[in-house]
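Undergrad: Numbering-wise (full-length UniProt numbering), the sequence shown opens with residue 1 and increments by one.
Calculated from the structure, these hints are not laboratory results.
In this text, all values refer to a predicted model and were calculated from it rather than measured experimentally.
Cross-link-like lysine-lysine pairs, in silico, DSS-like; alpha carbons within 27 angstroms at most:
| hint | residue 1 | residue 2 |
| --- | --- | --- |
| 1 | K6 | K96 |
| 2 | K76 | K8 |
| 3 | K6 | K88 |
| 4 | K76 | K96 |
| 5 | K30 | K14 |
| 6 | K76 | K88 |
| 7 | K96 | K14 |
| 8 | K6 | K76 |
| 9 | K8 | K96 |
| 10 | K88 | K8 |
With beta-carbon atoms standing in for the labels, derived distance ranges:
| hint | residue 1 | residue 2 | range |
| --- | --- | --- | --- |
| 11 | E86 | A21 | 28 to 38 angstroms |
| 12 | L37 | V13 | 19 to 29 angstroms |
| 13 | Q74 | E28 | 33 to 43 angstroms |
C-beta atoms are modelled at their ideal positions from N, C-alpha and C, and glycine is treated no differently.
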Amino acid sequence: MSDSSKNKLNTRVKRIAGQVAGIERMLEEKRYCVDILNQISAVRSALDALGVELLTRHLENCVLGQGGDKQHDQAKPMSQQQLLDEVKTALSRFLK
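With the hints as extra help, turn the sequences into a complete structure.
TA: As structure tokens, then:
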């Protein structure tokens, strides 16, 4: 993963962490429930977007890029069936 890509993902994670901290503050301040629920919805959306980005990168670098110059350093050598099973497992966990 390039430094630019890593920085973008880290920026997203920090933004999400800030949103979660904001929910904690809202609870401490006894803010209006619907406002808190809206913030929770925003965090969920941000996490979903991050997950889609990571799944896309996984497919590009660890599945399609296996054995090539784009392969992730931590990718394990796997058969096509093993890769498919891994993606199915990751998707089923992500989509719960």
